[in-house]
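> With the sequences and hints as input, model every part of the structure.
Number of protein chains: 2
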Amino acid sequence: MGKHDAKQDPTQAVKEQIEKNSRASLDALSGTAGANVETISEERNSYEDKYLRAAAEIQNMNTRFNKERAQLLHFDGQKVITSILPVLDNLERALQVEVTDANAVQLKKGVEMVFEHLNQALKEANVTEIKSLGVKFDPTVHQAVQTVAADADHPKDTVVSVLQRGYKLHERVLRPAMVVVAN
Amino acid sequence: MGKHDAKQDPTQAVKEQIEKNSRASLDALSGTAGANVETISEERNSYEDKYLRAAAEIQNMNTRFNKERAQLLHFDGQKVITSILPVLDNLERALQVEVTDANAVQLKKGVEMVFEHLNQALKEANVTEIKSLGVKFDPTVHQAVQTVAADADHPKDTVVSVLQRGYKLHERVLRPAMVVVAN
Numbered sequence: 002m003g004k005h006d007a008k009q010d011p012t013q014a015v016k017e018q019i020e021k022n023s024r025a026s027l028d029a030l031s032g033t034a035g036a037n038v039e040t041i042s043e044e045r046n047s048y049e050d051k052y053l054r055a056a057a058e059i060q061n062m063n064t065r066f067n068k069e070r071a072q073l074l075h076f077d078g079q080k081v082i083t084s085i086l087p088v089l090d091n092l093e094r095a096l097q098v099e100v101t102d103a104n105a106v107q108l109k110k111g112v113e114m115v116f117e118h119l120n121q122a123l124k125e126a127n128v129t130e131i132k133s134l135g136v137k138f139d140p141t142v143h144q145a146v147q148t149v150a151a152d153a154d155h156p157k158d159t160v161v162s163v164l165q166r167g168y169k170l171h172e173r174v175l176r177p178a179m180v181v182v183a184n
Numbered sequence: 002m003g004k005h006d007a008k009q010d011p012t013q014a015v016k017e018q019i020e021k022n023s024r025a026s027l028d029a030l031s032g033t034a035g036a037n038v039e040t041i042s043e044e045r046n047s048y049e050d051k052y053l054r055a056a057a058e059i060q061n062m063n064t065r066f067n068k069e070r071a072q073l074l075h076f077d078g079q080k081v082i083t084s085i086l087p088v089l090d091n092l093e094r095a096l097q098v099e100v101t102d103a104n105a106v107q108l109k110k111g112v113e114m115v116f117e118h119l120n121q122a123l124k125e126a127n128v129t130e131i132k133s134l135g136v137k138f139d140p141t142v143h144q145a146v147q148t149v150a151a152d153a154d155h156p157k158d159t160v161v162s163v164l165q166r167g168y169k170l171h172e173r174v175l176r177p178a179m180v181v182v183a184n
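Chains as they are written, first to last, in the working numbering: chain X, 2 to 184; chain H, 2 to 184.
Think of the hints as simulated: they come from the structure by calculation, not from any bench. These numbers come from a predicted model, not from an experiment. Take these hints with a grain of salt, some might be off.
Claimed, not checked - Simulated restraints on C-beta separations:
#1 M114(H) with T148(X): 28 to 34 Å
#2 R94(X) with R94(H): 45 to 51 Å
#3 D90(H) with A103(X): 52 to 58 Å
#4 R173(H) with L164(X): 36 to 42 Å
#5 S162(H) with T129(X): 36 to 42 Å
#6 A57(H) with R94(X): 54 to 60 Å
#7 N63(H) with E93(X): 42 to 48 Å
#8 T40(X) with I59(H): 24 to 30 Å
#9 K124(H) with L164(X): 26 to 32 Å
To be verified - No more than 27 Å apart at the CA atoms, straight line, and that leaves these computed lysine-lysine pairs for BS3-like:
#10 K157(X) with K132(X)
#11 K124(X) with K169(H)
#12 K80(X) with K132(H)
#13 K110(H) with K124(H)
#14 K80(X) with K124(X)
#15 K80(H) with K124(X)
#16 K68(X) with K80(H)
#17 K68(H) with K124(H)
#18 K80(X) with K169(H)
#19 K169(H) with K132(H)
#20 K68(H) with K169(H)
#21 K169(X) with K132(X)
#22 K68(H) with K68(X)
#23 K124(H) with K80(X)
#24 K124(H) with K124(X)
#25 K80(H) with K132(X)
#26 K80(H) with K80(X)
#27 K110(X) with K110(H)
#28 K21(H) with K21(X)
#29 K157(H) with K137(H)
#30 K157(H) with K132(H)
#31 K68(H) with K80(X)
#32 K51(X) with K51(H)
#33 K68(X) with K169(X)
#34 K68(H) with K80(H)
#35 K124(H) with K169(X)
#36 K169(X) with K80(H)
#37 K132(H) with K80(H)
All residues carry an ideal CB built from backbone N, CA and C; glycine is no exception.
Shown next, in the form of structure tokens:
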């Protein structure tokens, strides 16, 4: 028994020592690897997330810029067109002068052509006159500068005359029409 | 010896078996972990790369958009301004008509004011007339429609008269000047 014990002892001791060592090695290895995997895995997820956000942002930027570009082109020339509107008013006013002299008739004919040309150019630039005469007064496109008493021909809240024409560039009001409203 | 051998055998066998097993376990573990780390590491690097490219693209897009936006605003109204230039030509032509009649003088005065107003509006929209009369012929801004013999007052390759004014919007030619050149 003593001998058997002695025989068993070294075997058992060696076995235990080796198992202990190898378990420690396994723990150490699996521990280190685990820590690395965890760190790299976190980084991988973080970069994936950042990448996906950046990709979404690129798409948003494209959408946003296409919209902005379309808007800029849609209202292209708004400033210069607005500043040219008085030219139209004044040409129209000049054309109300009555002339008889041959040269004056020639001049007037030239001015009429200019007026037509300018109207056409503005129409092609998507400028339209705001409907005013006889329509219901609309404060978003009409500016009431005078009121007259409503009667049978001029119902309350309708535009009875236009003092200065109003214009829109597409749906945007460049200048409201200055009107007289029945009240 | 036989007994000693028998005694040593089990110890050695157990030891070897355990070492073999634990080495296999270690190899297996380190192999698996290595493969995982490698895969995740590759993915991490790939996402990092994609993210960095996307971030650079976002910066490029911003630069590009800002440039394009500035360009669109810089040449805002180019189309409508170009289509309005004949109005300027025709007003100028109309103003060359001589009138004496009182009404005609009134009409002409009105047209002069319109002409001044339109010139001013175009100037404010950054439209400038191309210098032509007396300057050296420049094919980038002048269109030669006629030539005359050069003489002492009109050196070769200078513009001797302007048939139609040319205009620029900022540095961009809206319409070249139509000129007569000394040859």
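> Okay, which hints does this one fail, numbers in order?
When the structure is compared with the hints, numbers 2, 3 turn out to be violated.
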